[in-house]
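Enquirer: Sequence:
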Amino acid sequence: MKTNNKLKFLTYLLAFAMIGLWSCEGDQGPIGLTGPAGVDGTTGEVGPSGPTGPAGEGVQDCKQCHGNSQLITAKLAQWEKSVHATGGRYERNFSSCAGCHTSQGFLERIASGEMNASGTVQDPLPQNCYTCHQVHSTYTQEDWNLTSSDPVTLWVGGETVDLGNSSLCINCHQARVPSPALPPVGEDAVYEVTNKRYGPHHGAQGLMFSGQAAYLIGEGYENSLHTTLIDNACVNCHMATVMGQNEAGGHTFRVASEDGELNTAGCIQCHSDEDALLATVDETQTEITDLLNQLGTRLNELGILDDNLEYALVPIELTSLQVGILWNYKYVLEDQSNGIHNYKFAKKLLENSLEALE
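Residue numbering for the sequence shown follows the working numbering, beginning at 841 and increasing consecutively.
Careful: at least some of the hints might be erroneous.
[As the list claims (entries may be wrong)] With a straight-line cut-off of 25 Å between C-alpha atoms, the simulated SDA-like cross-links for lysine to any residue are: (1) Lys921 with Ser1097; (2) Lys915 with Thr978; (3) Lys1036 with Leu1197; (4) Lys921 with Thr971; (5) Lys1036 with Lys915; (6) Lys1188 with Thr1126; (7) Lys915 with Cys1012; (8) Lys921 with Asp983; (9) Lys1188 with Ala1116.
If you are wondering where the hints come from, they were derived from the structure by calculation, not from laboratory data.
These numbers come from a predicted model, not from an experiment.
Given these sequences and hints, build the entire structure.
Expert: So this is what it looks like as structure tokens:
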């Protein structure tokens, strides 16, 4: 009997204990104080380095060109007044014209070595920074390197001309292959001309400066000192120190302002007397303009040129000599310097052509 009482007592005691635990858990009494932090464990070993990632675009070097200087903005302001920016007719984006009239076509043609672009250029752009410079190729000062400065093999005549940095310019400032092709001197044949624009098409400057690809009838041809002495040709005068408010020089590529004021900054290295220089320019251009008008008038009298002395009266059949002299007339006309680029050569070309027509 006593054993049973003890067993009952222990059972009741255990029950009360369980009720007490349930009561504490259900009421969620206050949590006790946090004990002190344990001792830190030892630091583990450094893991192995991961593989090297691909090279970045180099934007960390942007400040080499885009630093605190406003140089780029100044060049852009000059370029905006250039004929390249405003009068290059870059809407002429089809294959035969895009190679010079658009930036994209020019770069494609320089890479391919062809005379024409491969096709119509979409979203055409005028000549711009990317046309002439290797912009954002290395993100260093080398981005200002020219896209090309290699010697140029002329489309007409096949001679190779090296004008240093100006070789870039004459990739376009040269004549395209005409139809019919320029006859050999001394040939006696008849050609049909159907293109009123026959002759160098707005791009005879490189030919004139170097004295190449003309119809060399007669004797006595020689180049002026501009051709024989000036390194880098075009850029010395056309990119001389800027005059006024971007009126000429620099990236305007203009030798004279729109009002006709000559930028002499590139000339005075050799022509130290500015008054004498301006007198020489006036005399030279007057003489060559007069000879050019004489030749144009004679071609008009022969029924070859229109009354404005600009276009051929096509279709027309011409002798080899007449084709060559028509070419010479347009050669000097389209050079547009009126003798400044290569006075001696231009003068002799016109004089010999006039004599041959007589």
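Enquirer: Work down the list of hints and note, for each, if the structure agrees.
Expert: Now the hints, each set against the structure:
| no. | hint | in the structure |
| --- | --- | --- |
| 1 | Lys921 with Ser1097 | holds, 10 Å |
| 2 | Lys915 with Thr978 | holds, 20 Å |
| 3 | Lys1036 with Leu1197 | holds, 20 Å |
| 4 | Lys921 with Thr971 | holds, 17 Å |
| 5 | Lys1036 with Lys915 | violated, 38 Å |
| 6 | Lys1188 with Thr1126 | holds, 15 Å |
| 7 | Lys915 with Cys1012 | holds, 22 Å |
| 8 | Lys921 with Asp983 | holds, 23 Å |
| 9 | Lys1188 with Ala1116 | holds, 24 Å |
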